[in-house]
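Protein chains: 4
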Amino acid sequence: MIARAMAAESRENSPSGSPGPLRKHPIKSIIEKTNNFRRTRSLNAPSPIQQFGPCGRIMKNSAMVMQIQDPASQRLTWYKPPLSVLVIKKLHDSSVLVPFVQLVHWLVHEKSMVVFVESAVLEDTLLKEYGDFTSVRDRLMTFRAGTDDLTDKIDFIICLGGDGTLLHASSLFQQSVPPVMAFHLGSLGFLTPFEFNNFQEQVENVLEGHAALTLRSRLQCVVLRKIPEDGKEKKKPTTILVLNEVVVDRGPSPYLSNIDLFLDGKHITSVQGDGLIVSTPTGSTAYAVAAGASMIHPSVPAIMVTPICPHSLSFRPIVVPAGVELKIALSPDARNAMWVSFDGRNRQELRHGDSMYVTTSVYPVPSICAQDQISDWFDSLAECLHWNVRKKQKQIDELSDLTHYSNETLEEIDNHDERPADT
Amino acid sequence: MIARAMAAESRENSPSGSPGPLRKHPIKSIIEKTNNFRRTRSLNAPSPIQQFGPCGRIMKNSAMVMQIQDPASQRLTWYKPPLSVLVIKKLHDSSVLVPFVQLVHWLVHEKSMVVFVESAVLEDTLLKEYGDFTSVRDRLMTFRAGTDDLTDKIDFIICLGGDGTLLHASSLFQQSVPPVMAFHLGSLGFLTPFEFNNFQEQVENVLEGHAALTLRSRLQCVVLRKIPEDGKEKKKPTTILVLNEVVVDRGPSPYLSNIDLFLDGKHITSVQGDGLIVSTPTGSTAYAVAAGASMIHPSVPAIMVTPICPHSLSFRPIVVPAGVELKIALSPDARNAMWVSFDGRNRQELRHGDSMYVTTSVYPVPSICAQDQISDWFDSLAECLHWNVRKKQKQIDELSDLTHYSNETLEEIDNHDERPADT
Amino acid sequence: MIARAMAAESRENSPSGSPGPLRKHPIKSIIEKTNNFRRTRSLNAPSPIQQFGPCGRIMKNSAMVMQIQDPASQRLTWYKPPLSVLVIKKLHDSSVLVPFVQLVHWLVHEKSMVVFVESAVLEDTLLKEYGDFTSVRDRLMTFRAGTDDLTDKIDFIICLGGDGTLLHASSLFQQSVPPVMAFHLGSLGFLTPFEFNNFQEQVENVLEGHAALTLRSRLQCVVLRKIPEDGKEKKKPTTILVLNEVVVDRGPSPYLSNIDLFLDGKHITSVQGDGLIVSTPTGSTAYAVAAGASMIHPSVPAIMVTPICPHSLSFRPIVVPAGVELKIALSPDARNAMWVSFDGRNRQELRHGDSMYVTTSVYPVPSICAQDQISDWFDSLAECLHWNVRKKQKQIDELSDLTHYSNETLEEIDNHDERPADT
Amino acid sequence: MIARAMAAESRENSPSGSPGPLRKHPIKSIIEKTNNFRRTRSLNAPSPIQQFGPCGRIMKNSAMVMQIQDPASQRLTWYKPPLSVLVIKKLHDSSVLVPFVQLVHWLVHEKSMVVFVESAVLEDTLLKEYGDFTSVRDRLMTFRAGTDDLTDKIDFIICLGGDGTLLHASSLFQQSVPPVMAFHLGSLGFLTPFEFNNFQEQVENVLEGHAALTLRSRLQCVVLRKIPEDGKEKKKPTTILVLNEVVVDRGPSPYLSNIDLFLDGKHITSVQGDGLIVSTPTGSTAYAVAAGASMIHPSVPAIMVTPICPHSLSFRPIVVPAGVELKIALSPDARNAMWVSFDGRNRQELRHGDSMYVTTSVYPVPSICAQDQISDWFDSLAECLHWNVRKKQKQIDELSDLTHYSNETLEEIDNHDERPADT
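Protein chains in written order, with my numbering: chain V, 349 to 771; chain R, 349 to 771; chain B, 349 to 771; chain U, 349 to 771.
Each statement offered as a hint is correct.
Identical chains blur together in the list; that is why a pair holds if it fits in one copy or across any two.
Pairs of lysine-lysine, DSS-like flavour, derived with a Cα cap of 30 Å:
no., residue 1, residue 2
1, K408, K501
2, K408, K428
3, K459, K438
4, K459, K408
Since the hints were made in silico from the structure, they are not lab data.
The shape of chain V in the complex, shown without the other chains (with noise of 0.2 Å):
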């Protein structure tokens, strides 16, 4: 990314402006930019070119400036050794039974690490029944969500059983959340992308520091309630983070919601339907694909704004930059309050003169990848909405040797082209 910035950098300062070198020698021009820019697959855009033909310039400004490591290198490394474990599992499942005691005794007997449960977990009658679990028991540290503080003490969280743990594991750690490494059992589900059978070697091969991670952004909720008339006493706002979705919806009432959206400080819509999901990426795939959204990468920098069944034919879902202020109040003229969830909890009302604001948090969920953030993404995409045909591939497969490059990128393509024509 530096080489690409660096090459750009040099192309603007050459006096005669890059006279379009594809335009003299085709081949040979993209093959020198792609080795000048040495494509490393980045998902971050490239920088664009900041000279506008030979006058204009974008206006330098250091305040504004940020750096960015490109998603696509992000990898996990371990500061020091991980000693201390959560281990999260879907409650009267009888199903995670097996694979649970499986896991919190290796973790235990095998890696030595300490192992925290949450109490409910221990007080599952299933759990109870089972005989091999008594000798491990007591080993446990347990705690209790909402009531103890778990900050500083857990160094990596393992989820067992599907997207609602991971969203519990979001919950339970409102600022910094320690790496996540989530296994389904049964169907691969968005966020637990690993498979349990051979457990052991996947969870060694994270704790030595071999993992890609999908830093997933999350939505910082801010829920103001109106001043009251005495004008003595306010209520303290409540800050939420969600990994999936804000909504607001016309609760139980029959009526359509009338809802005001505001974005950085600027009215921008007023939504009269059954509510509106505000969802990050990792939630664009979940509750707002049901409401007609697109499905949005995880590491595309974005909020997603979905109206659910509108009023107005014409009001699509928005994608605006992660970095907006979104505020949510009732609309002056509405009949109705409204009630706000966060990830599908916490669920309350929203009174006139209550307001709501959204923006990205600095606080990312730390998820591990299975195999890399766009393979890990597209699996889950054919697998939990069926959005890829398998049948196809597999007959690509073995057709490919018909076409040729079919598996290359550009990049490699070029370099086919560098090679010696006596090769």
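Position chains R, B and U against the provided structure of chain V, taking the given hints into account.
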């Protein structure tokens, strides 16, 4: 943003690991936080805190770090005063005639600029019969699109007429594009935010360097033709930059097209349907939205992939990071060729063995804002897609005194709270 | 239609089996055919020819034959002159006040009709303060919805204000509904086609029996409660007729609902999502269209089933024949109850073991057309859903002289062709 | 249905005007009603009660009454035993070869039927090399599509292979179509409900006249060409019947098409977009569903109009009564011609002054059901569009003993209630 990043750093290094100030003094902490972070309405998401629990970190990889300036802060500046201006005018539209003559007169006589127009414009019979134009006609520079090279000759572009004029400007500059100021005549377009009536004042303003810029990303499309059987002479690849979208469809064939889509070399899906649209955020509100896509703000670094009438009902549009490289090719079992077009032009056939590579170009179109990136976009949604509820907005303005803080951001509210109690 | 059926019969019995006249003399044969069939713009499809090749026939089953009159020919007639009229007025809307008083005055003093109004209307404080109303107040008949029985008391209904008034009229008459004439005040509604300004003339016209009718089908919904464990006393089933739709949703629960749908006793699908809408064609342009349904003309005999934000992306709305019986029940594995509401009212919970049966009622709402069934419907689509392109239409009218036959039907064209050549 | 109508009549004539029996004895009255009406699972809606309050009636218009038989009761009968059978086979598909030879052998040798096949089928090289076929080859009757007239020669049609074979059968019979029995090989199609494995038994069954029929309506499309300037010789109109849909699109032009749509002579909208689909209910699950339409059961008498990628986001598909006549023509201001195709064939250009008329034909395709109209349709939705949730259904069957009456209709339940209390 620097300030924000620094604040984050200092928190990272705190020995206690920031034990959640919100929990202790909610109101106070929001104020503090806001002050530290000094929110400047960046469109970029804040840099995520890169410490995940006590041990987890992101592995530093300086080669993969890039610097990006906040899109919201992008403003035009002139390295030296612009002297030459290209005026692009919609052809065969009599309503553009008077504004065109007015504008050219003013640029030549008042501003003493060198004005370029396309030869075809001067050949328009409507213009030929226009008496007042003779005096200025001989002072214009002309060129023919596709023949004459404009590189380094144009400092500034003014478009008159409709979104098509901006697409035309984009096609004329396949590398660096001079800043573009686009006027609509009649109703607001997506790409033409300026009203013409006081054009002098507005152009002066831009020439003085007072203008927000939207860098509209373009897609670089490279068409590679099949290597001929004899292996001797390969057709040269064609490269075209598009501002809206590249479309692959079944052309005149009545059969569904069978298209393979690859992302960074990985086969991600096969499309059976009328075709496929790969669009920029700018293009998301053009053909893609008609095919069911969500609408993406131009400052979101992304590429949108939208199927056209797909056979599979679960094939929703997807939004992927701007840095990926897509490859499109005919499926090996496809019965028909497919047709590709670039911003609705240059229609050509792709056959078995041909392929097309698409990725974000380093050459965006620097489009000058009438207001700012956010306001311009929502205004165009409302006007072009009837997205907003105008009537309601008026009503809200009248009633806004009934509610508190209706147009403020969280930061501004926090500033209220900071005011000394006795004022 | 009889003529058409007869022509078909005679063809069926022809020895040669109708050797395709179109093949021999195309123009002539179309004319002949059209003359024989004498197209009268029926909305019903023509009776299909029931001979399939030389041997195939439909088995006659006289018990299953019904006579239907072409909807396009449905006109109102009065068995005896209407004397009593129910005026339904939107509550708490000051803009309806003056029209309401005008209308009631005219009906009482000019037309000497017995006017019924709901007690709640007279209790409206806005009306109480309205001086001019006193003289007529004492001559009105009042009743309370839900308490007083209106059966056989009302000859004619006039609605003032919005689609809600017609839904209210429907709810008041759970069996036969008197003819309804509905005025909009402000913008055209789906169910309120009449403009108020010359109401006297229009009401006179209807009272004289000159009016096209749309028979808007209603759905009969029967709620059966679970038989209590003790088996003794079963709750009585509740029957409600709806004009728009019956909705089943997850109510205040944050979890997806799990709903089983049966059609004529057969389980056809299970819905996971926010809920399910079963609507009449009239209701297809209400809630259903917001949830993604296509829009069905009120004269199509059908029931529409639309999922609300379904988990499965391929779960599209379906349109089934009007005669089927649907059953809706909670899936056995559903965690939550579901909530049902009828035209947005009478919201109630359905639990495990409860079920609801829905089918087309024999009691439609006879809604008086302002123009005719087709024009009224497309005008309301244009007005309420911005469906039509007004500007273009005007343009077309201006330009229509450029094209031939632009507003004619095939029949009219054939009549041209029949004109003797020498005229 | 007669019974139902009579019950309604008697109620109409009751002196009291039917004072709402449901109100007084809810359970009893539902039973009575059900008994009187004797629900027979008609797909037609019940005849509406045509008395609206004490005075309102529908004006009788005997000329506009038609008799329709309930679609659910449609069964095939043979006027005389079928002797000749047309076998339609998918071309160039080796998997159809063995079934085809088996079927033809059986029809010729076991059933002594005269078997017709298309010449092209016998010319298929795959078949020529198939040894076992020689013995039967010479006993087949052959014909060429488009050249030889099949009228009155075919008693029965068997299709082998896919939905395309039924579309082909439809195209061969532009008037009366012999009964069609369609086998799928591989996965179930929308139009091919029969499994091949025990074909003998199934064909026997149909030849004996035991079969439910779906009369699939077709659209009659008449293309009228512009009258030439000299006014002398007008091109003959072309008439084509389609089973799925007629499509008008922009063809190879990159510009949006501008299409005017008229209904019974009235201009109802102008379409700007990729095109327009006019489909039968059968066709609603073909191209139309890919363009966003709802899915219509084949027994609903309707025509569906679906825009393809319309410029206006509020342009939803509409469903209109089967009897209307649509006219499609190029808008006067359209820049480009449009292209029309009929069930994906016969693609041709329509220019300014040309027009096309579309209405429901009197010649449906009598398609033999494997089970019945309802089951066949929902099974094909599940199979072809992944509409149903298979896994859930199984689960429900296992659990159905937990709930009461889960597969009963309202009528059956009422019969329970009638049982004497002492049984």
